[in-house]
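*Asks:* Given these sequences and hints, build the entire structure.
For the sequence shown, counting from 1, position 192 maps to 192 in full-length UniProt numbering; every step adds exactly one.
No lab work stands behind these hints: they were computed from the structure. Do not take every clue at face value.
[Claimed, not checked] Derived SDA-like pairs: lysine to any residue, alpha-carbon spacing no greater than 20 Å straight-line:
(1) LYS122 / ILE178
(2) LYS122 / ALA133
(3) LYS122 / ALA171
(4) LYS73 / ARG182
(5) LYS239 / ARG60
(6) LYS73 / PRO197
(7) LYS73 / VAL185
(8) LYS239 / ASN177
(9) LYS73 / PHE85
(10) LYS73 / ASP180
(11) LYS239 / VAL251
(12) LYS73 / TRP174
(13) LYS239 / TRP174
(14) LYS122 / ASN177
(15) LYS239 / HIS7
(16) LYS239 / LEU18
(17) LYS239 / LEU15
(18) LYS239 / ARG179
(19) LYS73 / GLY187
(20) LYS122 / LEU168
(21) LYS239 / HIS5
(22) LYS239 / PRO184
Since we're looking at a predicted model, the values are computed, not measured.
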Amino acid sequence: MTLSHQHRAYLFAVLTVLMWSTVATAFKYTLAYASVLQMLTIACCSASLMLLLVVVMSGRITLVLPSLQQHWKLSLIAGLMNPCFYYLVLFEAYDRLPAQLAQPINMTWAIVLAVMAAVVLKQRIRRHDYLAAGICYLGVLLIISQGGRQGFSHVDWTGIGLALLSTLIWAGYWVLNIRDERDPVIGMFLNFLIATPLVLALWAFISVGPVPLPGILGGIYIGIFEMSLAFLCWSIALKSTDNATTVTNLVFLAPFLSLQLIQLVLGETIVWTTYGGLIVIVAGLVYQQRTAAGLQTRQGP
Numbered sequence: 001m002t003l004s005h006q007h008r009a010y011l012f013a014v015l016t017v018l019m020w021s022t023v024a025t026a027f028k029y030t031l032a033y034a035s036v037l038q039m040l041t042i043a044c045c046s047a048s049l050m051l052l053l054v055v056v057m058s059g060r061i062t063l064v065l066p067s068l069q070q071h072w073k074l075s076l077i078a079g080l081m082n083p084c085f086y087y088l089v090l091f092e093a094y095d096r097l098p099a100q101l102a103q104p105i106n107m108t109w110a111i112v113l114a115v116m117a118a119v120v121l122k123q124r125i126r127r128h129d130y131l132a133a134g135i136c137y138l139g140v141l142l143i144i145s146q147g148g149r150q151g152f153s154h155v156d157w158t159g160i161g162l163a164l165l166s167t168l169i170w171a172g173y174w175v176l177n178i179r180d181e182r183d184p185v186i187g188m189f190l191n192f193l194i195a196t197p198l199v200l201a202l203w204a205f206i207s208v209g210p211v212p213l214p215g216i217l218g219g220i221y222i223g224i225f226e227m228s229l230a231f232l233c234w235s236i237a238l239k240s241t242d243n244a245t246t247v248t249n250l251v252f253l254a255p256f257l258s259l260q261l262i263q264l265v266l267g268e269t270i271v272w273t274t275y276g277g278l279i280v281i282v283a284g285l286v287y288q289q290r291t292a293a294g295l296q297t298r299q300g301p
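*Replies:* Structure representation (structure tokens):
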């Protein structure tokens, strides 16, 4: 029995959501056994090999060299942004913060993207975007309070700053992709092809020690499921659907599933402000998404 396009879209969207829901737990678990740089290096190597396998199996290997020759500057800049800078900053944030703080804050990149894209493309930033951003960051403040018993005195503000910085880098990466003419899979592979040797060189220069087996396995998991397969499955889901909104709405399940895994696997006690703040953030994102869709409908094609 063959799947319809929409059923295929839902299947790959659900697979993506399941993968995304595990990554916060995977980050914190692996960081208990490996440094930020060790985890990034192992993950980059794993993602590079996985993407190479996909490129070969999809018959695109002959496109790699021409694309690199034509777009080497873009590939270099994109590779430095993702995976290098983005994951270095994000992993450092996770190293400093409880997973239940870092994961919801990272979700606000979508709001940053809306504002940043408007600035870069010289579009007017709508009041709905400002309101959505205000709602989201109100949720961030609620999460940071962590129950409100001690106010904000116990907060690792460096970790919070890094988590927020990661949203800027990630949004900037996607703004860069707006004018990216490369095949998406080839483009992602080239990013890692350029970035991985740089990360390996940094590892060699800093001379970090050996990594225990759990750290290695965790890094491999992150490289395969967070950095490569999730991206590929999400791309397939969006290409297969007749209604992107119904598919993208499934993304909002991921952070709530993630919190359950964080509590179950990592043993973090999820405080009420985390759930409350996450609900507020999701409400802001949904509001921004719905108002943007409504504006496009009124303006017409």
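*Asks:* Now tell me, hint by hint, if it's right for this structure.
*Replies:* Results of checking the hints against the structure:
no.: 1; hint: LYS122 / ILE178; in the structure: holds, 14 Å
no.: 2; hint: LYS122 / ALA133; in the structure: holds, 19 Å
no.: 3; hint: LYS122 / ALA171; in the structure: holds, 16 Å
no.: 4; hint: LYS73 / ARG182; in the structure: holds, 12 Å
no.: 5; hint: LYS239 / ARG60; in the structure: holds, 18 Å
no.: 6; hint: LYS73 / PRO197; in the structure: holds, 16 Å
no.: 7; hint: LYS73 / VAL185; in the structure: holds, 17 Å
no.: 8; hint: LYS239 / ASN177; in the structure: holds, 17 Å
no.: 9; hint: LYS73 / PHE85; in the structure: holds, 17 Å
no.: 10; hint: LYS73 / ASP180; in the structure: holds, 11 Å
no.: 11; hint: LYS239 / VAL251; in the structure: holds, 16 Å
no.: 12; hint: LYS73 / TRP174; in the structure: holds, 16 Å
no.: 13; hint: LYS239 / TRP174; in the structure: holds, 18 Å
no.: 14; hint: LYS122 / ASN177; in the structure: holds, 16 Å
no.: 15; hint: LYS239 / HIS7; in the structure: holds, 12 Å
no.: 16; hint: LYS239 / LEU18; in the structure: holds, 19 Å
no.: 17; hint: LYS239 / LEU15; in the structure: holds, 15 Å
no.: 18; hint: LYS239 / ARG179; in the structure: holds, 18 Å
no.: 19; hint: LYS73 / GLY187; in the structure: holds, 12 Å
no.: 20; hint: LYS122 / LEU168; in the structure: holds, 18 Å
no.: 21; hint: LYS239 / HIS5; in the structure: holds, 9 Å
no.: 22; hint: LYS239 / PRO184; in the structure: holds, 12 Å
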